[in-house]
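As a plain string of letters, each chain reads:
2 protein chains.
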Amino acid sequence: MKKKISEAVIKRLPRYYRCLTELEQEGADRISSHALSVRMGVTASQIRQDLNCFGGFGQQGYGYKVHDLRAALRGLIGLDRTYSMIILGAGNIGQALANYSGFDKEGFYVKAMFDVNVSLTHRTSRNIPLYHIDLLEKYLESNKVDIAVISVTQSEAQNVANRLVASGIKYIWNFTPSELSIPEDIIIENVHLSDSLFTLSYRCRENGV
Amino acid sequence: MKKKISEAVIKRLPRYYRCLTELEQEGADRISSHALSVRMGVTASQIRQDLNCFGGFGQQGYGYKVHDLRAALRGLIGLDRTYSMIILGAGNIGQALANYSGFDKEGFYVKAMFDVNVSLTHRTSRNIPLYHIDLLEKYLESNKVDIAVISVTQSEAQNVANRLVASGIKYIWNFTPSELSIPEDIIIENVHLSDSLFTLSYRCRENGV
DNA sequence: TAGATTGTTAATCGATTAACAATC
DNA sequence: TAGATTGTTAATCGATTAACAATC
Numbered sequence: 012m013k014k015k016i017s018e019a020v021i022k023r024l025p026r027y028y029r030c031l032t033e034l035e036q037e038g039a040d041r042i043s044s045h046a047l048s049v050r051m052g053v054t055a056s057q058i059r060q061d062l063n064c065f066g067g068f069g070q071q072g073y074g075y076k077v078h079d080l081r082a083a084l085r086g087l088i089g090l091d092r093t094y095s096m097i098i099l100g101a102g103n104i105g106q107a108l109a110n111y112s113g114f115d116k117e118g119f120y121v122k123a124m125f126d127v128n129v130s131l132t133h134r135t136s137r138n139i140p141l142y143h144i145d146l147l148e149k150y151l152e153s154n155k156v157d158i159a160v161i162s163v164t165q166s167e168a169q170n171v172a173n174r175l176v177a178s179g180i181k182y183i184w185n186f187t188p189s190e191l192s193i194p195e196d197i198i199i200e201n202v203h204l205s206d207s208l209f210t211l212s213y214r215c216r217e218n219g220v
Numbered sequence: 012m013k014k015k016i017s018e019a020v021i022k023r024l025p026r027y028y029r030c031l032t033e034l035e036q037e038g039a040d041r042i043s044s045h046a047l048s049v050r051m052g053v054t055a056s057q058i059r060q061d062l063n064c065f066g067g068f069g070q071q072g073y074g075y076k077v078h079d080l081r082a083a084l085r086g087l088i089g090l091d092r093t094y095s096m097i098i099l100g101a102g103n104i105g106q107a108l109a110n111y112s113g114f115d116k117e118g119f120y121v122k123a124m125f126d127v128n129v130s131l132t133h134r135t136s137r138n139i140p141l142y143h144i145d146l147l148e149k150y151l152e153s154n155k156v157d158i159a160v161i162s163v164t165q166s167e168a169q170n171v172a173n174r175l176v177a178s179g180i181k182y183i184w185n186f187t188p189s190e191l192s193i194p195e196d197i198i199i200e201n202v203h204l205s206d207s208l209f210t211l212s213y214r215c216r217e218n219g220v
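Chain order of the listed sequences is A and B.
Convert by adding 11 to the 1-based position in the first sequence; the result is the number in this note's numbering.
Convert by adding 11 to the 1-based position in the second sequence; the result is the number in this note's numbering.
Treat the hints with care, as some may be off.
If you want the footprint, here are the derived chain B segments under chain A, 3+ residues with CB under 8 Å [what the hints assert, rightly or not]:
(1) 98-106
(2) 110-119
(3) 181-188
(4) 203-213
In silico DSS-like cross-links for lysine-lysine, where the CA-CA straight-line distance does not exceed 27 Å [stated by the list, open to error]:
(5) A:22 <-> A:116
(6) A:22 <-> B:15
(7) B:181 <-> B:155
(8) B:155 <-> A:22
The set of hints was computed from the structure by calculation and includes no laboratory data.
Even glycine gets a Cβ: it sits at the ideal position worked out from N, Cα and C.
Please construct the entire structure, taking both the sequences and the accompanying hints into account.
Here you go:
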């Protein structure tokens, strides 16, 4: 009976993974929690606590094997498989995400895009088909989709979310400013860009700039 | 001598602001911390604690005036003025941010974009000029820029950041996966999209999907 | 073996929640 | 006035940090 992993720890895992990837590229064989803590600007204690939520990946007196720890993190984060995604809304953000090749490398594949306006087709590069949003339910009947990305306009967002949930989508990556209401068992990850930008303006005001 | 506002509180301000904006649009005059807590899924205690970091905006026995509280939050977040921004890197994300009109509405204006490849010009809509990145320093000499957005490729990111800092930029919105090293007095806000996506894959694995 | 570093328990710190007197 | 709800202090909870025995 393992205890629940806190949200704070989960949010840090990708960063550890990122750092370990860099270290491996640099050819490092081993790293101690202390050395990692200096590099990342966190405490060694926290790193050891975090990792030990999932198991003892290190060796006393030696530290952590970079390759092995990275591989373990990869598994923990769920990157040892592929994911199929669809993008709802082929506007600025939707197009940018579709054209970005970085997610492919980690196994996240954009299989299709949907929009109310299909005449945008010529902009969809990388052979990702763009369908009219009316075809969404039909598409989901015959295609397994792990993650749905919502990048429609704010006013359409809740409606699109409802349709996705009704069709059985369990994981949503939301780029609209809306606070979407969804059932408890659906996992949603919000990217509220304006919230992020506003923390910068807060700092400007704070510093009297 | 006011005590320091915690990071957690600051991160919640934009969300309060968003909610109050909705309430005002719905024509609400007043709201109690309890009603707001139900709507936002947080505790009334937390809302009152958070707001009271900045002042007593409510009235006992009555609650908060929606319009006044929203206006106060607007000021606190620093939205009662405008900001000039430049975007470094006219790739997918850079273009999407430049074309997105939502930030304008809150007073964040994209004044220029820079890239190593200027032949992308035809895609810059909304009359935002695209300059070669070699012209960055010259541009900054004669134009006041509040916030610089970094959306170049990962390998260029640190170099671009160094140049921005050298030219006096104090506020950076970073969209690259890099952990940029910058001086202490520079404020950086990171949007690590892959970290966000990875929390979804973590949940998939956790739930055995 | 001696030195280093983990895994883990205990101590500290900070953030959230509860409670309630003040007051509209 | 009575009821409602704030502002604020106190209590609780959880997360971070420190410490150290275990052990490579």
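Tested hints:
1. 98-106: holds (count 3)
2. 110-119: holds (count 6)
3. 181-188: holds (count 4)
4. 203-213: holds (count 11)
5. A:22 <-> A:116: The hint holds at about 21 Å.
6. A:22 <-> B:15: This hinted pair holds, its Cα atoms lying about 24 Å apart.
7. B:181 <-> B:155: Cα-Cα ~11 Å, so holds.
8. B:155 <-> A:22: violated, 36 Å
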